[in-house]
Amino acid sequence: MKKFLAESELARDERFVRTKIEDRIFDPRGAKVAQRNTGPAKMAVDRPAAAERSRSLMHGIFVGEIQALEGAGRTCYDFTLDDAPFALKLDMARQCWDESRHCEISVKLGDHMGTEIGAYTESTFLFAAACNPDPVLRLCGVNRALEGLAIDVFNSMKEFGDESGDPILEFCEDWMLADEVTHVKMGSDWLRRLTEDDPERRERALEFQRTVDSIFNLGGFRGEDDENPIQLARRFRELAGFTDEENDSLAELARQSTEQAREMAAMATAALDQSGAGT
Amino acid sequence: MTSRVTVTPDPFTLIAYDAAEIGRIAQDAAALAGVAPGVDISIEVDEELFAPLVGHMSDVVEGTVVIWISGANLEDNRRPRHFSAEQARRDLTIALLRAADRLGEGFADAPPDAELTRAERAAWDAFAVGRAARLGMNVKRQAQLYDYRLQHGFSDVADAAFDRLWVADSMTFAGIREICVETGAAERAKASKIPVDLLRQR
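One line per chain: the protein sequences are A and B, in this order.
Here the first sequence stands for residues 1 to 279, where the numbers follow my numbering.
Here the second sequence stands for residues 1001 to 1202, where the numbers follow my numbering.
Chain A extracted, bound-state conformation:
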């Protein structure tokens, strides 16, 4: 079996449609919408298009779970025991089991909301974080950055379930959230153990994590302000082994990302208006 599988080689059946994140970034409508008030970013029942936004996000979570499963699975297989100890691979195997369950739960939550597999497109940039050839960097990208994002997303979805009085969503998200805290903790523990005598490698891994985190902030998708749909879940991150400093740093990164997105939207709108489009 091939080691170090590229993003483009992920196996999917005919229901899945893949898009590139650039397609959305370069969509001229994005800049126009960014200038408008489309309601509170935080998920709520009185937010415009609340149900459709929830369904779309749920589908995004589902494909993210598939990619997390693939990432953890690859870590079990891609590395020798010299690079990745057996106990680490055992943790990744356990994570595969969790992610498989999350995929099934997410499909059922999609059914509950009235959508189905393949109703929306899939972007595989999450898996890209799981392609690093250094197991420590990969663990930081997947288990600390990606699974850290999962903590924030699941906590936001759990709160939405609570606020909307939807017990199915609330409980399912709560259970998955507990698993994600464990996954991040695994990443934090292995980072410490594998780099105990190699501070330079640890710094490289943390730098890679920061890079992945800034991508996952997705121009204001995550943060601590009202304009961020996904809120930084500090308490759960703390339980997963993130320090206050790390949470502060991530919050700052998120603020910068939101500001950059705002500036880019303003520039893109000005360019569109100048070219005559959208008038």
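Hints in this document: simulated from the structure, not taken from any laboratory.
Just to be clear, a hint being listed does not mean it is correct.
[Said to hold, decoys possible] SDA-like cross-link-like pairs, simulated, lysine to any residue; straight-line CA separation at most 25 Å:
(1) 42/A <-> 1052/B
(2) 1193/B <-> 41/A
(3) 89/A <-> 242/A
(4) 1140/B <-> 18/A
Put chain B on the given structure of chain A with help from the hints.
Chain B alone, transformed into the frame defined by chain A:
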């Protein structure tokens, strides 16, 4: 005599939608929805909005049916930036079923869409989408139920009212309001300060 349909913008500048095609689909949908022949229809597509920012509003202004619809409703979810004739047919039929309701006596006292509560709108949509399903449109009952539950609650009482709305052949706005009282949504709706037509505002 058929309805005269006007679609704006024409041409579209941000996305490759065709106003003439949308107009033809709307003309068929109007006939299907029972909009009386001769009633003019004005459709404004907001081409800036994309999935999942869906929404549509149906009003009658001085005898003309006025539809506002998000570009997201006409966009193929599986192929972003591409027009979906099937989705357009479905959502314009639903919008025109509600417009036809407004042209009848049962909904003559209904306020404009921008003044409906979310619960009133969700209940009215359930009534419209149920009929669209019987007209052969590819609608998802579970999706509609979820939309409705977000406003009326996840309860047996709310679900029973949804079932009645879904199969109903006739309804009045007073009936919609009774359902909002029955499910408790009439009380909950008062808390929100977010305008229901926010997506329409620029």
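Evaluation of the provided hints:
no.	hint	verdict
1	42/A <-> 1052/B	holds (15 Å)
2	1193/B <-> 41/A	holds (15 Å)
3	89/A <-> 242/A	holds (22 Å)
4	1140/B <-> 18/A	holds (23 Å)
The structure meets every hint from the earlier list without exception.
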